[in-house]
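First to last, the sequence lines map onto chains A and B. For the first sequence, position 227 (counting from the first letter as 1) is numbered 227 according to the working numbering, and the numbering increases by one without interruption. For the second sequence, position 39 (counting from the first letter as 1) is numbered 39 according to the working numbering, and the numbering increases by one without interruption.
None of these hints come from the bench; they were simulated from the model. Quantities reported herein were computed from a predicted structural model and do not represent experimental measurements. Errors might be hidden in some of the hints.
One copy or two, either will do: identical chains are not told apart, so a pair holds if it fits within one copy or between any two.
[Claimed, not checked] Straight line, CA to CA, 25 Å or less: simulated DMTMM-like cross-link-like pairs of lysine to aspartate or glutamate:
1) K145 to D61
2) K232 to E214
3) K152 to D287
As a plain string of letters, each chain reads:
Protein chains: 2
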Amino acid sequence: MKKRWARFLPALIVLLFVSVAAQAQTDPLPAWNDGPAKQAILTFVHVTTDQSNPNYVLPADRFAAFDQDGTTWVEHPMYTQVVFTFQQVIVLAPQHPEWKTTEPFKSVIAGDKAAMAKFTEHDLLAIFAATQTGMSVEAFQTTAKDWLAKAKDPRWQRYYTELVYQPMVEVMQYLRANGYRTYIVTGGGQDFVRVYSEQVYGIPPEQVIGSAIETQYTYNQQGQGVLIRPPKLLLNNNFSGKPEDIYLFIGRHPKAGFGNSTGDQQMLEYTQAGGGASLEMLVLHDDAQREYGYGPAQGLPATKVGTFTQALYDEAKSRGWTVISMKNDWKQIFAFGK
Amino acid sequence: MKKRWARFLPALIVLLFVSVAAQAQTDPLPAWNDGPAKQAILTFVHVTTDQSNPNYVLPADRFAAFDQDGTTWVEHPMYTQVVFTFQQVIVLAPQHPEWKTTEPFKSVIAGDKAAMAKFTEHDLLAIFAATQTGMSVEAFQTTAKDWLAKAKDPRWQRYYTELVYQPMVEVMQYLRANGYRTYIVTGGGQDFVRVYSEQVYGIPPEQVIGSAIETQYTYNQQGQGVLIRPPKLLLNNNFSGKPEDIYLFIGRHPKAGFGNSTGDQQMLEYTQAGGGASLEMLVLHDDAQREYGYGPAQGLPATKVGTFTQALYDEAKSRGWTVISMKNDWKQIFAFGK
Chain A
1 MKKRWARFLP ALIVLLFVSV AAQAQTDPLP AWNDGPAKQA ILTFVHVTTD
51 QSNPNYVLPA DRFAAFDQDG TTWVEHPMYT QVVFTFQQVI VLAPQHPEWK
101 TTEPFKSVIA GDKAAMAKFT EHDLLAIFAA TQTGMSVEAF QTTAKDWLAK
151 AKDPRWQRYY TELVYQPMVE VMQYLRANGY RTYIVTGGGQ DFVRVYSEQV
201 YGIPPEQVIG SAIETQYTYN QQGQGVLIRP PKLLLNNNFS GKPEDIYLFI
251 GRHPKAGFGN STGDQQMLEY TQAGGGASLE MLVLHDDAQR EYGYGPAQGL
301 PATKVGTFTQ ALYDEAKSRG WTVISMKNDW KQIFAFGK
Chain B
1 MKKRWARFLP ALIVLLFVSV AAQAQTDPLP AWNDGPAKQA ILTFVHVTTD
51 QSNPNYVLPA DRFAAFDQDG TTWVEHPMYT QVVFTFQQVI VLAPQHPEWK
101 TTEPFKSVIA GDKAAMAKFT EHDLLAIFAA TQTGMSVEAF QTTAKDWLAK
151 AKDPRWQRYY TELVYQPMVE VMQYLRANGY RTYIVTGGGQ DFVRVYSEQV
201 YGIPPEQVIG SAIETQYTYN QQGQGVLIRP PKLLLNNNFS GKPEDIYLFI
251 GRHPKAGFGN STGDQQMLEY TQAGGGASLE MLVLHDDAQR EYGYGPAQGL
301 PATKVGTFTQ ALYDEAKSRG WTVISMKNDW KQIFAFGK
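Could you put together the complete structure from these sequences and hints?
Following this line, the structure appears as structure tokens:
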């Protein structure tokens, strides 16, 4: 037997070297340029999954939280769910003739972009209530799914679900490959995001935490239990709501948090407050050419959609969080090759 | 080579037969007596995990929901968390001298069982607010954990976490071994149950859905984000609240639901309304000798703690749900051998 093994030994050694080399060469984050942001991710995963490292994290505690709008997909010039909401007004207008003369519906039907840009939160909630409540949860899911299968972003002429950031999808996959459970923690509607999260991010519905209205249990004509969507907010998953809802859903601090705006500040603070090694990252939209440029951090144009203030930038620096420059840190932004 | 293998062949064949036989003989539910309840569980798992069966359920959709009090552990004569709550009044009384003369605290301090049995929901909430709110979520967890490590049930002289029903633990393990994710869906406090759910049921905190108060995000003296427990109910996870909260957390119908009282009715209806094969079970406490006897279904004594009405019993029968007789279906009730 000894001799037979010996014959194969050189081949085995070659095989061993090849596979070690292949492993070293396989970059888990190919859409990222080399730099401090990419290095921060690699280091975090290394230290928290190496059992001999003092920062090792048990698999049961490996949670990563991703904001969505502006962090994992495009949010400009308008949040996708707001586009959906406005378009639902057009779809439903024939059943509501009074909308032609009633604000805020009137401006939406008229396509008055100046007026729509000035909508208050109250206006948006009125439109949301009129178009996305009152039906069963399944009916809402079908409407959202149908819209997402057809609607396209006017700039790229792509489905909205194609406008996800490839570098962030890579981070999610890399974290999952290392035992992390990836969660979406979005200010957007939980029900809306759950419609496509599995297909787009590989994140199942039960790992999507978002703003949520109540549901109301009742019975259909067959006596079966159904859930209806009343116009009543239950979770406002933004700012302080993010750590509060993370605790509600998973009962502990995430080890990694990803955001891009002031609405994510508390989530990242809470991530860091868990102690040990943690990863906090903020996407800065400083690439007006390939995507959009807005802040107002670092002198970028101010925006109401995904506001990243200089104060947040300064907090990130003082707390040791990583600011991702889309321009410098991302080699490729979309899977379709922009 | 051929000859060498041939030498081992008889041994291999024996090994094969032994392991097939062992598999056939390994009963996944040894604490259950043979009967319709045990058979319903075995059949449900078989048809939903066999890919050739029309009732096959994709692994991603395999969710099972277990009520806790009275379904997976003892709830009589008083819910464990209520015992904890009362004992916290005693613990905290020195810091609240006014409680000696103020109801409902006065009766608790005096150990007046007749008065305590008459407490309204309002009284219980007042005690809950005074003893289990205002601190950080971590401080609450520590208090609950410390209590559970010391307190014992007076009848069995066992820790409360030992008073779990072995047959239900087996069902959980059997479901998990078949790709189901097991959730606790309890009217009890989510934070309380999460303290021991992993150790007792093998269910991690993120798979415990319970009644929950809000949390409030704030900062400690080190500027770190912390969550405080204000006395404000967010989720009342009972009756209609159960399907509503299941939808909030997992976004779909469970395939299996286990309960024991009117507070579980809607959860079981909602389980069944998901369509396809499903399993709905209700534990009937008809074993006053080995545990407790209460209903009032089937002429058992009425109770306010875990009420199982005759109307619920009739609904179970008409909808094809399985009523588990603790007396007849459970060979063994506790792991410690009762």
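For K152 and D287, with the copy left unspecified, which applies at a CA distance of at most 25 Å: within, between, both, or neither?
within (22 Å within a copy, 63 Å between copies)
At 25 Å max between alpha carbons, let me know whether K232 reaches E214 within a copy, between copies, both or neither.
Both ways: K232 and E214 sit 6 Å apart in one copy and 16 Å across, limit 25 Å.
Please work out whether the CA atoms of K145 and D61 approach to 25 Å or closer within one copy, between two copies, in both situations, or in neither?
between (33 Å within a copy, 19 Å between copies)
Hint check: no violations occur; every hint is consistent with the structure.
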